[in-house]
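Take the sequences, apply the hints, and build the full model.
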Amino acid sequence: MKPLDFFASHPVFTHDEFSAQVSEAASPQTRKNVLAYHVRRGRLVRVRRGLYASVPRGVEASSFDPDPYLIATRLAPDATVAYHAALQFRGRTYSVWHRFHFVTATWAKGLSFRGSEFIPVQLPASLRRLPDQGTGVADERHADGTVRTTTFERSLVDLLDAPDLGGGWEEVWRSLEMVEFFDLDAVTAYALALGSALTVARVGFYLEQHRTELMVEDRHLERLRAHAPKQAAYFDPPRKPGKLVKGWNLVVPDYVLRRSWGEVL
Numbered sequence: 001m002k003p004l005d006f007f008a009s010h011p012v013f014t015h016d017e018f019s020a021q022v023s024e025a026a027s028p029q030t031r032k033n034v035l036a037y038h039v040r041r042g043r044l045v046r047v048r049r050g051l052y053a054s055v056p057r058g059v060e061a062s063s064f065d066p067d068p069y070l071i072a073t074r075l076a077p078d079a080t081v082a083y084h085a086a087l088q089f090r091g092r093t094y095s096v097w098h099r100f101h102f103v104t105a106t107w108a109k110g111l112s113f114r115g116s117e118f119i120p121v122q123l124p125a126s127l128r129r130l131p132d133q134g135t136g137v138a139d140e141r142h143a144d145g146t147v148r149t150t151t152f153e154r155s156l157v158d159l160l161d162a163p164d165l166g167g168g169w170e171e172v173w174r175s176l177e178m179v180e181f182f183d184l185d186a187v188t189a190y191a192l193a194l195g196s197a198l199t200v201a202r203v204g205f206y207l208e209q210h211r212t213e214l215m216v217e218d219r220h221l222e223r224l225r226a227h228a229p230k231q232a233a234y235f236d237p238p239r240k241p242g243k244l245v246k247g248w249n250l251v252v253p254d255y256v257l258r259r260s261w262g263e264v265l
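Residues in the sequence shown are numbered consecutively from 1, following the working numbering.
In short, the hints are calculated from the structure, not lab data. Since this is a predicted model, take the numbers as computed values, not measurements. Cβ coordinates follow ideal geometry from the N, Cα and C atoms, glycine included. Keep in mind that the hints are not guaranteed to be accurate.
What the hints assert, rightly or not - In the DSBU-like style, the derived pairs of lysine-lysine whose C-alpha atoms are separated by at most 30 Å in a straight line are: (1) K2 with K32; (2) K32 with K109; (3) K230 with K243; (4) K230 with K246; (5) K240 with K230.
To be verified - Computed spacing ranges between beta-carbons, pair by pair: (6) R99 with A125: 22 to 28 Å; (7) M215 with D144: 32 to 38 Å; (8) H15 with G110: 33 to 39 Å.
This is the structure we're talking about:
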């Protein structure tokens with residue numbers, strides 16, 4: 001494949017992807033020179049070492065903003081857009097961020113690029129031995145490329161597990177409430193695979209609170225309840241006072257119980 005043909009079909013790509021498919025760039029030095037030449041000509045933007053974005057015809061390289069989800073997907077071999085960014089990718093967030101979390105089982109560096117921040121999150125140890133990072137990962141066609149992202153179901157559990165990566169409870173709740181449907185069997189299975197009793201209880205509490213809207217069945221709640229904390233646990237990491245919800249052994253802040261976000265001081 002010739003370089004210009006490769007650029008036309010790869011909006012964001014790594015040096016290794018280029019090397020594997022472009023026949024004219026036989027040696028490492030030649031590949032380096034070819035890429036540097038096209039950066040100088042304004043056909044490519046160097047995002048970071050080893051990562052490039054193709055500039056559309058007629059667009060100035062200096063003003064071009066590559067798609068952030070395509071960038072996030074290529075910041076590690078297994079990088080997966082996750083947490084708030086995964087819901088935002090599908091248009092289901094209360095607020096729009098320029099901060100994109102991606103989960104990976106490898107070591108990866110964060111990146112700030114043209115007003116966006118890309119933040120790696122280590123895959124939990126409980127999921128590393130499971131296929132597809134614990135399931136709930138999908139490849140989605142987007143902006144002439146492919147984005148690897150967590151599903152709605154996994155995103156629900158991930159955000160309840162790490163609310164700080166979703167902007168806090170109000171942002172998490174309001175964003176999740178924009179999703180019309182969840183596969184509740186998948187939600188339950190992933191919550192249990194994550195291996196945190198506190199997270200299981202949070203998921204169960206959320207599903208019970210939205211029982212009618214999400215058509216939650218007793219069997220989903222019962223399966224989760226069996227793995228909830230044995231002793232009372234605080235819903236909020238800062239141990240904010242609240243009411244004990246006995247079915248889940250959770251001390252839940254009043255503003256979460258009542259979803260009275262505008263009243264939070």
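Each hint tested on the structure:
| no. | hint | result |
| --- | --- | --- |
| 1 | K2 with K32 | holds (15 Å) |
| 2 | K32 with K109 | holds (22 Å) |
| 3 | K230 with K243 | holds (17 Å) |
| 4 | K230 with K246 | holds (11 Å) |
| 5 | K240 with K230 | holds (19 Å) |
| 6 | R99 with A125: 22 to 28 Å | holds (25 Å) |
| 7 | M215 with D144: 32 to 38 Å | holds (36 Å) |
| 8 | H15 with G110: 33 to 39 Å | violated (19 Å) |
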